Amino acid sequence: MKLKIFDIDYEEMYLAIDKLENGESLSDQDRKNLLKIVKNAEGSVFPNRKDYKQQQQRRKQIGELEEQERKERQEQGLEYIRSVSQQQIVDKMSFLVKDSEDFESNWY
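For the sequence shown, my numbering assigns the number 207 to the initial residue and increments by one for each residue that follows.
Hint data in this document are derived by calculation from the structure and do not stem from the laboratory.
One thing to keep in mind: the hints can contain errors.
Stated by the list, open to error - DSS-like mimics (lysine-lysine), calculated; alpha carbons at most 25 Å apart, straight line: (1) K266 to K277; (2) K277 to K298; (3) K245 to K256; (4) K225 to K238; (5) K266 to K256; (6) K242 to K259; (7) K225 to K242; (8) K238 to K256; (9) K256 to K277; (10) K245 to K225.
As the list claims (entries may be wrong) - Each pair of labels, with its calculated beta carbon distance range: (11) Q263 to K238: 42 to 52 Å; (12) G249 to Q274: 50 to 60 Å; (13) K277 to K298: 46 to 56 Å; (14) Q260 to D215: 42 to 52 Å; (15) P253 to V296: 52 to 62 Å.
None of the values given here were measured: they were computed from a predicted structure.
Beta carbons are placed, not taken as given, at the ideal position from N, Cα and C, and that holds for glycine.
Build out the structure end to end from the sequences listed, making use of the hints.
Okay, structure coming up:
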């Protein structure tokens with residue numbers, strides 16, 4: 207009794223795998239057998255193409271959103287630095303004006 211998986215004889219399957227590993231050319235039947243194995247394993251051993259493509263698309267979208275968020279945070283940080291710097295300049299100018307007014311009032 208021959209053992210089979212996905213309607214492929216185990217012996218034929220392992221011979222095809224050995225050929226592939228050894229860099230030998232595969233017959234059409236070998237290719238078909240390996241393709242059957244891969245297609246039948248899809249979804250149970252590894253994600254099927256549709257799920258994989260959706261997962262890749264989600265990863266891409268998440269990456270784009272993270273990049274956009276990083277840029278927005280960076281811009282907000284720059285805006286905060288600008289506003290703090292401008293406020294510091296205004297405070298210093300106010301101090302200088304007040305100081306010069308005090309100086310003038312004491313001088314005259």
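Hints and how they fare:
A threshold of 25 Å between alpha carbons decides the hint, and for K266 with K277 the separation of about 17 Å falls inside it, so the pair holds. A distance of roughly 31 Å separates the Cα atoms of K277 and K298; the hinted pair therefore is violated under the 25 Å criterion. Restraint check for K245 and K256: the C-alpha separation of about 13 Å stays at or below 25 Å, so the hint holds. Proposed proximity of K225 and K238 is supported: the alpha carbons are some 14 Å apart, at most 25 Å.
Of the supplied pair hints, the one linking K266 and K256 holds, its CA atoms being roughly 15 Å apart against a limit of 25 Å. For a cut-off of 25 Å, the pair hint linking K242 to K259 stands: about 21 Å separates their Cα positions. Between K225 and K242, the direct Cα distance comes to roughly 16 Å. Compliance with the 25 Å bound is thereby established for this hinted pair. For the given pair, K238 sits about 22 Å from K256 by alpha-carbon distance, which is consistent with the 25 Å threshold.
Of the supplied pair hints, the one linking K256 and K277 is violated, its CA atoms being roughly 32 Å apart against a limit of 25 Å. Proposed proximity of K245 and K225 is supported: the alpha carbons are some 19 Å apart, at most 25 Å. At about 31 Å, the CB distance of Q263 to K238 disagrees with the hint of 42 to 52 Å. Between G249 and Q274 the Cβ separation comes to about 33 Å, which falls outside the hinted range of 50 to 60 Å.
At about 31 Å, the CB distance of K277 to K298 disagrees with the hint of 46 to 56 Å. Checked against the hint of 42 to 52 Å, the C-beta distance between Q260 and D215 comes to roughly 35 Å, which is inconsistent with it. The supplied range of 52 to 62 Å is met by P253 and V296, whose beta-carbon atoms lie about 58 Å from each other.
Comparing the model with each numbered hint stated earlier shows that hints 2, 9, 11, 12, 13, 14 do not hold.
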